[in-house]
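Start from the sequences, fold in the hints, and give me the full structure.
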Amino acid sequence: MKKIEAIVRKTKFEEVRAALHEADIDFLSWWEVKGQGTARQGLIFRGIAYDVNSVARMYISFVVRDQNVEKSINAILESAYTGESGDGRIFVSDIGESIRIRTKDRGDESLYNK
Amino acid sequence: MKTKLRYTGLALLGLIAPTILFAQEAATVAAVATPEPTPYIDFGNTAWMIVATALVMLMTIPGLALFYGGLVRQKNVLNILMQCFILTAAITLEWVFFGYSNAFGSSTGALAPFIGGFDWAFLNGIGINDVSPYYISQATARIPHLLFVLFQCMFAVITPALIIGAYAERIKFKGFLIFSLLWAILVYNPVAHWVWSADGWLFKMGALDFAGGTVVHINAGIAALVMTLMIGSRRNYNNHPTAPHNIPLVVIGAALLWFGWFGFNAGSGLAADGLAISAFLATHVATATAAFTWAIIDWSINKKPTVIGICTGAVAGLVAITPAAGFVGVLGAVVIGIIVAVVCFFMVSVVKHKFGYDDSLDAFGVHGIGGILGALLTGFLATPAIQSSYSGLFYGNPKQLWIQLIATVTTVVFSGVMTFILFKIVDKMVGIRATQKEEIAGLDITQHNEMALNAD
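Read top to bottom, the protein sequences are chains C and U.
So for the first sequence, the working numbering puts the first residue at 16; every next one is plus one.
So for the second sequence, the working numbering puts the first residue at 1315; every next one is plus one.
Among the hints, a few may not be true.
A partial selection of chain C residues facing chain U, derived with a Cβ cut-off under 10 Å [to be verified]:
#1 L58
#2 I59
#3 F60
#4 R61
#5 L126
Derived DSSO-like pairs: lysine-lysine, alpha-carbon spacing no greater than 30 Å straight-line [said to hold, decoys possible]:
#6 C/K49 to U/K1751
#7 U/K1389 to C/K25
#8 U/K1738 to U/K1488
Think of the hints as simulated: they come from the structure by calculation, not from any bench.
Where is the CB? At the ideal position from N, CA and C, for every residue including glycine.
Shown next, in the form of structure tokens:
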């Protein structure tokens, strides 16, 4: 089992969600984050344009079985891409155990939708 | 030759006009030649003025409080709200205890044109059915004296509150409170006396300030500039603004200010008559013009019109029309609206950054400059079509502009010097600038032990 985490643009988030749905990933969490990278966020205040210190992004996280890792990554890569600096990153890490709370299933069994 | 004669004649008229004004307006001194009907309390005028008084209070809380509050970072919003709220409470007491007496009462001797006495301390001697000694267009149909006291109280409250914008996010609460109280007593009350009291030297000179362009906006605006320069920039300012934490709050504040300002300006006629409506009209038109003009300038320069921009434009228009509201018509209002939007936009977006001072919420850029513009433009645009005794340069009375200039310059100098002195004294007493640690942690938690949003 692997945890897939991705930082994507807020403007691309709905597309990413739809793409993940197409790939049968329907159990995920997300939260709004501020961060820094190479991209710059410009705003206007009282007549002058300026850069804020941070950019706003969406952080997505979900766990999948090993055989679905490539499918998930491709879904995100296609839907989150714009070609401009600031598209984000995807991280994959190992997960030790996964348990569904309602049924007490463990392992791969817990990652099927029931 | 004909024009020279005309101007000389009008200059002479300008010289004796103050005497005529004085005879018309000074109700505390018996200087009238012909016997007039006894003044009485008119219920219609009184009803409106009660509402106007409440509207002006609305301008401070929550109007100004939210307008400023939304512009600062979240960790400092409660500090702004608290400053506005406590000033409403504290200045009211100061006003009722002795402030009104100092500002609008009479004293004897050499100080009489500069400050009043303590005859009306604790409103002693003012009965509930006493008629107001002050009136503008309605000599006989007046309001209760106590209502005039209350109306003016709200002006005394909002003036020190305007200065908050200059030192926002970096002032100690104790220093702020002591400074603001001393400023109200030693700067606001005298200037109000000069311009609005029948004994006041600027009033006798014929300075036109319908609702407080000089007394409120130039006064507070210059104090704001001095405070900004003396307290220094915010820690990580670097000529780089911080984003407002809640723009919807700013909009609510600006809308409440526009709404409440009708009480501020239309109420300054002290009656519910044609002059009040004229002031209402001029106020509304100038504000709409300034807001729209600012939005257009914002749009052209920054490719997108901003909400903060249009709100700032509206406030600038409100400030500039304040001294002129009872003296100009629609055309004058439009001219004032356009000019103030252009000048103040330039002030806050170019001049401020060129000189690098941190006037956090543009108290000087909007109130100071807007007030000065309004006061001077009144000298140009005052038209006898509104009030027949008053006219400006464009209507053949160049003397008025000169008088406006004197009023402006003396207020600028007095407010500037006094604010400088008060800063030094209060800084020595209790310290004014918050420490670096306090500034980083935020004033809400360090000055009030409170957090604005607690999602549980």
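Here is what the structure says about each hint:
The restraint placing C/L58 at the interface with chain U holds, with a minimum CB-CB distance near 6 Å, inside the 10 Å limit. Because the smallest distance between the Cβ of C/I59 and any Cβ of chain U comes to about 5 Å, under 10 Å, the interface hint for this residue holds. Look at C/F60: its Cβ gets to within about 5 Å of chain U, closer than 10 Å, so that hint holds up. Interface hint at C/R61: satisfied, since its Cβ lies 5 Å from the closest Cβ of chain U, which is below the 10 Å cut-off.
For C/L126, the interface hint is violated, since its Cβ never comes within 10 Å of a Cβ in chain U; the closest pair sits about 31 Å apart. For the proposed pair C/K49 and U/K1751, the alpha carbon gap of about 23 Å is at most 30 Å, so the pair holds. A C-alpha spacing of about 25 Å is found between U/K1389 and C/K25, which places the hinted pair at or below 30 Å, so the restraint holds. Between U/K1738 and U/K1488 the CA atoms are separated by roughly 14 Å; this keeps the pair inside 30 Å, and the hint holds.
In this structure, only the earlier hint numbered 5 is contradicted, and the remaining ones agree with it.
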